[in-house]
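Sequences and hints are given; from them, build the entire structure.
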Amino acid sequence: MAVRDWEAVIGLEVHAHLKTRTKMFCRCELEYGAPENTRTCPVCLAHPGALPVPNERAIEQTIKLGLALDCGIAARAIFARKNYFYPDLPKGYQISQYEAPLAGRGRFRLPRPDGDREIGIVRAHLEEDAAKTVHAGGATGRSVGADYSLVDFNRGGTPLVEIVTEPDLRSAEEAVWFLRLLRQTIVELGISDAEMEKGTLRADVNVSVRRRGEEGYRPRWEIKNMNSFTFVGRAIEAAIRQQVAAHEAGEPVEQSTYDYDADTDRLTVHRSKEEADDYRYFPEPDLVPVEPPAELVERLRAELPERPADRIRRIEPAVGFDAAVELVTTGRDRLYDRLVAAGAEARVAANAVMNEVAAAGIDPEAVDAGELAKVLGARERLPRDVYLEAVARSADPGFAAAPFLEQEAVSDASALEPVVEAVLAANPEQVQTYLGGKEGVLGYLVGQVMRETRGKADPRVVNRLLREKLRA
Amino acid sequence: MAIDREQLLHVAHLARLELRDEEVERLGAQLNDILAAVSKVSELDLSEVPPTSHPLDVVNVFGADVPHESLPLEEALANAPEREGSAFRVPPAGS
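Here the protein sequences line up with chains Z and P, keeping their order.
For what it's worth, this note's numbering labels the leading residue of the first sequence as 355, then goes sequentially.
For what it's worth, this note's numbering labels the leading residue of the second sequence as 63, then goes sequentially.
Worth flagging that the hints you see were computed from the coordinates, not collected in a lab.
Careful: at least some of the hints might be erroneous.
[To be verified] EDC-like cross-link-like pairs, simulated, lysine to aspartate or glutamate; straight-line CA separation at most 16 Å:
no. : chain 1 : residue 1 : chain 2 : residue 2
1   : Z       : K728      : Z       : E762
2   : Z       : K810      : Z       : E771
3   : Z       : K578      : Z       : E605
4   : Z       : K373      : P       : D127
5   : Z       : K486      : P       : E146
6   : Z       : K373      : Z       : E520
If you want it as structure tokens, here you go:
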């Protein structure tokens, strides 16, 4: 089997909970970990006659996301009903967007070591999340074979954006890198916490393979609700391996939904609920269209922060691709920017931020960059421990570089010579001991010089000078 | 256009409706009458008319993102067919 003769074709559907105080279509408060079924009302429980009212902040956040993904913002967006029966969906339909989403075609710049990849965005639409269902009884705790289900409607109706990409990703590694950078982009917009482990970010993955150079697409597998970056990567690898093996063996590869089993590192066909996707979308009659005013769109556009991908490209020429990626993805590039603005040399600043600042465990945002830049400028002349201490203190209130710079190591021999001579003159016994063959006493003499210079002397130079003088 | 028996049964299944044979006959006829009536519209040239998604000429109705009080737990569960603790208990999903 030769996986390298094949290339993967991967597209993602990424869901993120929006960071609003209340639900999408009612004003029940969203609170992670609230007691079961205490955040419900006639709207999110689907009592007859209850009417939805869209959350204005969620609409704005979706437009903002669309702008960050270079999407066209709809002149007129329409909510639609997606009809299906499941206990986590009390209305019998999910309010989503179908033909007229808030954000249409866009693109995402994905920096790679050999240049940018452009990942097409098909759309970003706004919908409501389903409730949380726990399957009880049965053997496995999974839906199939359960005796009954328990439903908590607190999460039902949480505003959710779905971002759909073109099948433009070409490897598991690239897909995971895209997902990480997309997540960071979303988080920095302030519209979602997007935490996979809390379920506020989830991804569905579509994977197929084709021979290199082949046009068109072969049947794809959909892997739903992946909730960790590691598993997204492994599931894609597994799908590629299994599909390539099947194609090369001439076995059929059927388009279907698959589950990833982490224990066996294999994908198995999802036991279907015997339901073709037949959602009978139609415009939601309970909601009027959304026509984002131009002033609103422009205000949101003006609020956009510089995107992580753009920051990587901006920093890269000065520090290299890997350092730029590390700085940006750890969120430490703002300190780097401030240090450079304060006059620090780019590579020195990058290394200090990635190594010493990171190791000191201090808040990069709290660092006084002007003062730390002075320390970095004198870094090579400072004793190592003084330098590290200065970095560790650089986020303290009122941090000043001056007291540390005063401890600059004196390595100029002519400056140290008089001190060395004075120490030798003041310690005739130790000199005799040394000359008598006990060279261990040299350490004591070095210590004396260090004390006289209040630690500023470069110990290596002191050592050399003492040996020279004693030999003379 | 008309819907045939197979389409009717498919739609009935999606709506989780169990239909007796005579209901299939009767409902099929009624649905086709409705479709025929509605399809009168297609005799007009509507190529310049945008689709209507809502009967009211109103846009941008939103609510501010400010929490209102939710239902007390007991009221929320009052109509539950069955409950277990503070959860709604329902027949097994996905079976």
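Status of each hint after checking the structure:
no., hint, verdict
1, Z:K728 to Z:E762, "12 Å, holds"
2, Z:K810 to Z:E771, "14 Å, holds"
3, Z:K578 to Z:E605, "24 Å, violated"
4, Z:K373 to P:D127, "11 Å, holds"
5, Z:K486 to P:E146, "15 Å, holds"
6, Z:K373 to Z:E520, "26 Å, violated"
Violated hints for the displayed structure, listed by number in ascending order: 3 and 6.
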